[in-house]
Structures are given as structure tokens and as C-alpha cells.
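If you read the protein sequences in the order shown, they are chains A and B.
Using numbering that gives the first Met the number 0, count along the first sequence one by one with no gaps and you end on 253.
Using numbering that gives the first Met the number 0, count along the second sequence one by one with no gaps and you end on 772.
The reader is advised that the hints may include incorrect statements.
To be verified - Lysine-lysine pairs mimicking DSS-like chemistry, simulated, CA-CA at most 30 Å apart:
#	chain 1	residue 1	chain 2	residue 2
1	A	K4	A	K47
2	A	K47	B	K635
3	A	K42	B	K635
4	A	K71	B	K507
5	B	K678	A	K71
6	A	K42	B	K678
7	A	K4	A	K42
8	B	K635	A	K34
9	B	K520	B	K734
10	B	K420	B	K507
11	B	K100	B	K183
12	B	K678	A	K34
What the hints assert, rightly or not - Stretches of chain A that chain B covers, calculated by requiring three or more beta carbons in the stretch to come under 8 Å of a beta carbon on chain B:
#	stretch
13	11-17
14	106-117
What the hints assert, rightly or not - Taking beta-carbon pairs under 10 Å as the criterion, some of the chain B residues facing chain A (in silico):
#	residue
15	K486
16	L557
17	R583
18	H587
19	R633
20	G703
21	V704
These are calculated hints, taken from the structure and not from any lab test.
By construction, the Cβ of each residue, glycine as well, lies at the ideal position given by its N, Cα and C atoms.
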Amino acid sequence: MTDQKRILVVEDEPDLCEMLFFEFQMKGFPVYQAKNGIDALEKIEVYKPDVVVTDIRMEEMNGLELLERLKKENVFSPVVILVSAFSDINPAEGYRRGAEAVFTKPFSLHALVESVYRLTSPLEERWKNRPADVPWYRVTIAAADLEEGRRTRIIDLGRGGMCFQSTEFHLAHGDHVAVCADWESSELSRLEAIGLIRWRARFEGDGDAQGYFYGVEFEYISEETLAPFLAWLQTVQPVPYIPAFEVLEGFPEI
Amino acid sequence: MEASKQGEPTTYAQGEYWVKDIVSKGNLPPEYILEGLVAAIRKGVAVVDRNGFFLYVNEIASNMLQRTPKEIVGRNIQELFSPEDAVCLLGLVQRALEQGKPVIDESYIDIKGALRWYRTRIEPLREQETVPAAVLILTSDHTEKRTLQERARFFQTVVEPANYGVGAIDSNDTLIYVNRAFAKMHGYEPEELIGKHVSILHTQEQMAEVNRINETIKRNMAFAVEEVWHKRKDGSVFPTLMSISAMRDEENNIKGITATAMDITVQKNIETALRASEERFRALWRSIPVPTYIWRKVGNDFILSSFNDAGVEMTHGGIRRLVGISLHHLYADRPDIVADIERCYREQSTFSRRMDYQLRSTGEMKYLDVHYAFVSPDSVLLHTVDITSLVKAEKELRLSEKRYSTLVEYAPYGIAVVDAKSGKFVDANGVAARLFGLNRSQLLEYGPLDLSPETQPDGRKSSDVARSHMRAALSGKPVRFEWVHRKITGEEFQCEILMTRMPEMEHKHVRVTIVDVTERKRQEELLVEHQMAMIAASRLSALGTMAANIAHEINNPLATISAACEQLEDFLRAGVLDSEHAGRLAGHIRRNVGRIERIVRGLRALSREGLSEPFSPVSLRDLILDTIDLCSTRFKAYGVALRFVAPEDAMEVQGRETQIAQVLINLLNNAFDAAVGRKGAWVEVRLERSGEWVEISVSDSGPGVPAEMTQKIFDAFFTTKSTQKGTGLGLSISKTLVEKHDGQLFLDTQSPNTRFVVRLPRKQHRTAKQKGS
Chain A
0 MTDQKRILVV
10 EDEPDLCEML
20 FFEFQMKGFP
30 VYQAKNGIDA
40 LEKIEVYKPD
50 VVVTDIRMEE
60 MNGLELLERL
70 KKENVFSPVV
80 ILVSAFSDIN
90 PAEGYRRGAE
100 AVFTKPFSLH
110 ALVESVYRLT
120 SPLEERWKNR
130 PADVPWYRVT
140 IAAADLEEGR
150 RTRIIDLGRG
160 GMCFQSTEFH
170 LAHGDHVAVC
180 ADWESSELSR
190 LEAIGLIRWR
200 ARFEGDGDAQ
210 GYFYGVEFEY
220 ISEETLAPFL
230 AWLQTVQPVP
240 YIPAFEVLEG
250 FPEI
Chain B
0 MEASKQGEPT
10 TYAQGEYWVK
20 DIVSKGNLPP
30 EYILEGLVAA
40 IRKGVAVVDR
50 NGFFLYVNEI
60 ASNMLQRTPK
70 EIVGRNIQEL
80 FSPEDAVCLL
90 GLVQRALEQG
100 KPVIDESYID
110 IKGALRWYRT
120 RIEPLREQET
130 VPAAVLILTS
140 DHTEKRTLQE
150 RARFFQTVVE
160 PANYGVGAID
170 SNDTLIYVNR
180 AFAKMHGYEP
190 EELIGKHVSI
200 LHTQEQMAEV
210 NRINETIKRN
220 MAFAVEEVWH
230 KRKDGSVFPT
240 LMSISAMRDE
250 ENNIKGITAT
260 AMDITVQKNI
270 ETALRASEER
280 FRALWRSIPV
290 PTYIWRKVGN
300 DFILSSFNDA
310 GVEMTHGGIR
320 RLVGISLHHL
330 YADRPDIVAD
340 IERCYREQST
350 FSRRMDYQLR
360 STGEMKYLDV
370 HYAFVSPDSV
380 LLHTVDITSL
390 VKAEKELRLS
400 EKRYSTLVEY
410 APYGIAVVDA
420 KSGKFVDANG
430 VAARLFGLNR
440 SQLLEYGPLD
450 LSPETQPDGR
460 KSSDVARSHM
470 RAALSGKPVR
480 FEWVHRKITG
490 EEFQCEILMT
500 RMPEMEHKHV
510 RVTIVDVTER
520 KRQEELLVEH
530 QMAMIAASRL
540 SALGTMAANI
550 AHEINNPLAT
560 ISAACEQLED
570 FLRAGVLDSE
580 HAGRLAGHIR
590 RNVGRIERIV
600 RGLRALSREG
610 LSEPFSPVSL
620 RDLILDTIDL
630 CSTRFKAYGV
640 ALRFVAPEDA
650 MEVQGRETQI
660 AQVLINLLNN
670 AFDAAVGRKG
680 AWVEVRLERS
690 GEWVEISVSD
700 SGPGVPAEMT
710 QKIFDAFFTT
720 KSTQKGTGLG
730 LSISKTLVEK
740 HDGQLFLDTQ
750 SPNTRFVVRL
760 PRKQHRTAKQ
770 KGS
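Next up, chain A with everything else stripped away, as it sits in the complex (with noise of 0.2 Å):
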């Protein structure tokens, strides 16, 4: 099928490789394997694929380096979807050095394959469908524009997803949140979304300040602002998937 994405596998474990090989030949899938980063880039360059699915420890360049090479290319193609065998890197450090999507060793084929669907879906189509039946939490959030809420850490915009700061503790990982965001002065001045947690970092300001910053990958953003939110987009075209603010040292919760 030619409209069928193409998929590369970069895995030095064979017993591994061979499954997540076998799974998505399954699922109809195109599929190539690599067994490094400097594999992979040749093979990148003859199949040109639209999803690479890579390990992150490996010998002759590890994934995070294929990583970001790719996004200096694209930042929309390939897809990049991580898989950490544990320690190797935070979620939260992958999203925001441009990986679409990050698993952990050992996870589940259908979510991969799920997340697979997913993002090479195009982006106009991607965060159209509202989640129903989950509950979610809402938090609005106001800034001046994007940079100053940048830079003030309050809220800061990715690819896929958000990141903000709230006092709110009963967040938690996978917990779906309803987010507005509004900015006084950008072209992107609203921006009403429902997205998962996909990480927190604990963080204590000034006085009694103290609460959490939040990393949201987007599953639905409102009909009004999804339009702006794609033109800011493709303006931006910004690395991170989901950002993190650039003065967090490190992410200790996941």
C-alpha cells in the first residue's frame, strides 16, 4: 500500500528488534531495521520513513543523537518515538529534545502502535476529536505572550503539547487536564486544550510559592483555536514536542 507510512526499527537487542519488526509488518506497516544511530541514518536516507521507533542505548551513535539530527533536518519528519530501556533519559527530556513520543522498556505493543496511528496522522486531523468519558481537570492559565510566559516560567508551547507552571498537587501522570491559555499580546492568543500529564517536576518559588510544572501532549484543542495554533506552528516550527522550562535542572518525577 502506498499510503501505508513507513516505518524504521532501530534496536541492537535482536530479540527485540525482531518482534517490533514482526509487529508492525503485521499491522501492514513498511518496515526497515537498524541495529545504531549511523545504521539508521543510511537507512533513513534509502527508505526515507516517516516513523522511527529507536532504542536510546546503543554502540555507534545512541538514540538521542540520531534524535537530533533528525529534528535539525525536520522537525515535523520523521516522527520520533523513543524507547528507554530505564535510566538513559527522562520523558521529560525527550519530549523536549523533539521525540513525538517516549516509552519505557517493557511496554506495550499496542500503545506503540496506537502512538504510531497517531502521530503520522496529519495534524490538522490529529487533535480534532474530543475525549469523551474521561474526566479532566481545568487550569487557566494568563500571560503577557509567549515569551514572557517563557521566560517567567508560567507556560510554555511545543509541537504536541504545553507545559505550565500550577499550585495544583493533585495533578498526576496520565491524568487528563482541560488547559486555556490566554496571552495578552501574540497573534496566538487563546488556546483551549485537553491533554494527558506526562510529566511533573516539583518546584519552589519565592515564599510560600510551591506547586508543580506540568508537561501536556494534546489529544484536543478547541475548534476556534486549533487554526491559530497550526499557523503559530508552522511559523515557530519549535523542537520540543512538549517543552520544558530551560531552568529546570533535571526532572526527578516522572
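Using the hints provided, position chain B relative to the given structure of chain A.
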């Protein structure tokens, strides 16, 4: 004198006699006979009447008065003589006439201003009719004789008692005079010699020399001082120093020879002795081992005039070049030495001074003991005793004494001396006193036992224990023990005591060193606590790293297993599971479960509490393989090749598996950290036998351990890594663990790469039970 006496004409006396006879008989001969007679008499003859008028003078008398007879006859005495002489003469005439007998007088008479010595005999003449009472005056001029006599008297008073010999010979070499000393030195009395030929005083050989000298003297009319050998009466010979001169008469004719002679036997002996002595002195002076120099005064300066062999040696010969050098020039920079020499010369004194001195010839620094001595008439002698080593030794000694006392006083521990008999302190440093809360003099009122509790911590009586220690110390063996002392305040403190006998014979003294170990013990405990904390922290940190690695190691196979299960379920759900798919997935699952099993086994080796684990047989090969599995993916991920080289057999040793594994992990981690980040990085583990040992070596391609650190790397808390990576306890703990296996852990400095070697004995000498306790 004698000669001139002898030379008087005999006719003189006869003539006088005759005249007297004629005069006395009153029978005056005819005038011509009288004239003839008077002429024959070599005396002045005059006849004067009682009033002093001359009736007659002969030629001699008129000559004496330096007048003609015509000027004299008919004139009065008062007219012809000075008033004093005239009164005197007239008095004599009067006396002769009154007494009727001759009057003799000798006196100086002024003749026209010249004093002459006249001997005058005045004879009264018989009164005759034709001849008035008159006197005959017979006068002879004895001026010359008188002078000679006076000279002779003077000569005798001077010469006779002289202690040197005086003698004279006449022209026939006959001795005509010798003084007593002269005779005596030859063993004679003067009388024995006078009139003898001079050869009596000399041997034949000596005579030749005497003749030669006398001839020279006579010929040249000279004066000579010569050393002449003489012969004594007993035949022995002796040297004399003679001054010889010719003896002359009025006409300067040589009449004989006079000589003074000095017996110079003694002087001769002295001279010989002196010469010998001088030679001896020279030899001595040259060879005395004390460098000696002589400075001689020249003008306002001194010059170096002499030195001895020792001086040559001391200056390495350099002194030879300095002979004749000016003192002020040589010692322009040492005014003290110049001043010394000048003082020595000025005061003609002898003194010593100690000084430091740089040798002019070699530049060597010396300490000298310099003795200055004045040497008559014009020199200053310097003895220089090299006391460099002495002074150095003295200084060293003084320093050492000072050091020693400083050491004692400021020693960080108490030092005291205890008299074994009284049991009291007899001396102590400040520290010792302070330990007991006393000052030094107070401490000396106590003994060690007064400042100890009744019993020691082990329950024994302090006095019993102390006595036995004291006995042991007195036997000459240093005794070291722990002791609880009590301060004067009652507070007890723990100390370490070292007792040593003092090397004094008269007292039984024991030196006691007291170290308060209370603080040390506390510090030691603190240190141990601290170390334990560090070890725990290091274990935690290691554990953190390990946990992350292990999670990673396990998650990889888990991912495969989980994926396999998911696929299996998918196949089952779809009803398309065939045996090929099932077998493939089952194989994936089994393989990866096996991997996890191995990892868990490796973990188990680390999980046990090492110390309580008993010694048991350990297959090093399997242990290494399991351990390598724990970290293989990390090595792989960071591009560090990990090789394991080992023989096929198990290489079993007795040991604690956990501890050996911990050591291995530690070494592998270090190797990884050293090698990672470089191209072609590798780590090699090698297992091999080496004699009685089994060796596990871990080498890496890292930059190596700097030579200056090879000693330090096994120290606790030493690390070259950043603080996040390590606490620096790894190698020190590993070394301890290996040593508990009677093994060794060392850095192989011969290897071109960093190579740590764990050496374990193939056979444990002790049983497992002992090890485990």
C-alpha cells in the same frame, strides 16, 4: 814598662854615686873633673846658696829649666820658678840646711807653663870659707816614667782582675805579662808563665796559626780579632777569642804584641748547641702538625716570611704563592687579623683567638684557633689549629641539646622521670604536669600511683600492676601499656604509658612517657563512625548506579518478553496462532527469562551481607561471567568493548562470593569510567593462574594512573573522579576485602595500560570457620 826600666843606662846610677861621694867628702875635685863628672851624670845638678841664688848648674839642669847656664847662675830661685814652686823649693833648701841631711822630693814643677815631674834630692853642702852654705840639687825629670807608672797602675787595676785573659809578648815571643785570668785559663799561675816562650800555651799545630797571626799583626801593624785554639797545662785544648794588637814604643817601633783572650769553650758549646737546637727546631717547626706562619715586620707592614709543612697542607700548597705578600694587602678584608698581628708585635705578647676563616687559596671555610706569638726581634708567629670539625661538632651538640630539650619540653605528650625507690616523680615536662592538672613543682610531690585510681578498668589493683610494670622496666626492657590516670581534680583519663629505664647508675630512675589517649580514642571512634557513614554513602551511591543499571538490564529482556506475550495474545485472539509463531515467541520468552535469571544471580552475589557470609568454594570463572552480565549492556551502550579471557576450568577458590563480586564490580566500574569517551575504548578481564595464586586482572584503555598517584589510589577518600561519580572509597574497600582473603590488590605498574590485579590464594590456609568469625 819593665822594658823601659831595663833600658836605663847603668852609668846613670854610678855617676850619681860618684857625685854624691865627692860632695859628701867635701873634697871637690878639680874643676875639669867635676865638669866631666857632672856631665857624666844624667841628672840636673845645681848648687844654690842658703838664700836661693844659683851658684852652679850643669847642662842638663839648664836644659830642664830651658835656659842657658849663664841665665841661671847668679839668679835667685824666686826669679826662675813660679811663686808656688819657688816657695816650695826654698822651703826644701832651708830644711836640708837645718837638718844637715838630704831632702828628697818628687813633684810637678811648672817649667814655662808645662808641668814636669821632677825628682829632686837636696844635699846640704859643708860650709867652707870660700863657699857659703849651700845645697847641691840633683834633679831628674821623671815625667815620662811617671806617666808610664801611672799607666801601668791603671792597666793593672783594670787588667789584673779582669775575667778575660790579658797577656803580652815581646819581640822574641817571650811572655812578658799575663794577668791572673790569662794564666788561670791555661791552668798556670802568672809567675809560671812570665819569661816563658809563647809556645808553652799552644800545641805545635796551634803554633803555626799563632805565628801566622802574629806575623800578620807585625807586618801590617794591625789589630785582629781571631778565634785561636790554646793548650792548657794539662794538655787539653780550648778555643779562645783573641783581640790582638801590636805594642809600640815612642818611635812607633813594634816592641811586642798584647792580646786579650777569652775562653769561648762555653760559648762554643752554646753555639754548637744552638746550631743543633736551631736545626732541631727547624725540623720540628717544619713538621709540627699545626699550620704555622711567620709574619715579619717590614716598614709599616708585615710580610709573610715563612710557613711550615702543615701550613702547606692546610692551604693545599696555596701558601707557597703568598710568600712575601703584604699583610695589609692579603687581609684587607680581615682588619681583625691585621689588628691581632700588630698588637702581638706591639705588645710582644702571646695570645689566642678563635675565628672563622676562609682559606685564601681554596675558599674553604674553617674555624681556627689562632695563637699569636711574638718572635724576637721582628716577627709574629701564628699557630692555626683547625677546629672546624670540633666547632661543628660543638655546634651540632649544642643544637642537639637544644633540640633535645625542646623536644622534651614541647613534646605532645607527657615525659616524666620516676624514682623507683620513692615512687615519686623527680622530673617532668610541662605537658606531664598539665595532664594531671598540676604545675611542675606540684607534680614532684606526687608519684604515678598517687594519681591513679585504686583499680584499673580490668579490675586489677593499680599498685600491683604498676609494681610489675616497674620491675619489668627496671630490668631494662621498655614497657608499654594502657593505664587510667586520675587528675588532681579526680577526673580520670585514659593514657598510653611507655616506661624505660634511665641509663644512670646511681639512681633507679625510670622515664615515663604519658600519652593522653582519651581524645585520640574519641577521635578514632569519630573517624570510624565517619568512615562507616562514608562507606554506607558510597554503598548507597554504588547501589544507585547499580540499581539503574540493573533496571536497564532487566527491562530489555522484559520488553522482549512483554512484546512476545502481547503478540501471543494477539495471535490467539485472532485464532491464527500456529506452532511456528508459538515456538518462535516461546523461544524469545525463554531466552530473555534466562537473561533475567543470570542478572538476578549476579545480584544475589551482591545482596548478601558480606561479613557474615561463610568462606565457601567460589568458581571465579562463573562469578566473573555473572558479574560481567550485570554491566555488559552499559559497556555496549557507551561503546566500550568488554573482553573476558579465561581458561575453561572453573578456577575455584575459597572465599566470599559477595565480596569478590563487589571488588570486581568496583574494578569494572573504574575501568569503564577511565576508558569511556575515547575512541576504541576497551576493558579486558583476564583470569589466570600464577603459581600459588589465582589472578584476576582488569585492564583498560584509559589514560592510566599518573605515577605520583600510584601510592594514593588505595587510600580511603582518594579519588580522581568528580564527586558525583565516586567517594573515593572503592579501591580502599576493595583492597581491604581482598586482604581479608589473604590476597592482594595492586596496580601493575609494569603494564602499558592501567591494570589492576586481584590475587587470591589458591588454597586458604585458614579454615572457613576461622574466617567467618
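Hint check results:
1. A:K4 x A:K47: It holds: about 10 Å lies between the C-alpha atoms, which stays within 30 Å.
2. A:K47 x B:K635: Answer holds: K47 of chain A to K635 of chain B is near 28 Å, not above 30 Å.
3. A:K42 x B:K635: Status holds; Cα separation ~22 Å.
4. A:K71 x B:K507: It is violated: about 93 Å lies between the C-alpha atoms, which goes past 30 Å.
5. B:K678 x A:K71: holds, 25 Å
6. A:K42 x B:K678: holds, 24 Å
7. A:K4 x A:K42: holds, 15 Å
8. B:K635 x A:K34: holds, 12 Å
9. B:K520 x B:K734: Measuring from Cα to Cα gives roughly 25 Å; hence the hint holds.
10. B:K420 x B:K507: Roughly 7 Å separates the two Cα atoms, so the pair holds.
11. B:K100 x B:K183: The given pair, whose Cα atoms are some 49 Å apart, is violated under the 30 Å limit.
12. B:K678 x A:K34: Between K678 of chain B and K34 of chain A the Cα gap is close to 20 Å, so the pair holds against 30 Å.
13. 11-17: With 5 residues close enough to chain B, the hint holds.
14. 106-117: Result for this restraint: holds, n = 4.
15. K486: violated, 53 Å
16. L557: The hint holds - L557 of chain B has a Cβ within 10 Å of chain A, the shortest such distance being about 4 Å.
17. R583: holds, 8 Å
18. H587: holds, 5 Å
19. R633: Result: holds, 8 Å to nearest chain A Cβ.
20. G703: violated, 24 Å
21. V704: The hint is violated - V704 of chain B has no Cβ within 10 Å of chain A, the shortest such distance being about 26 Å.
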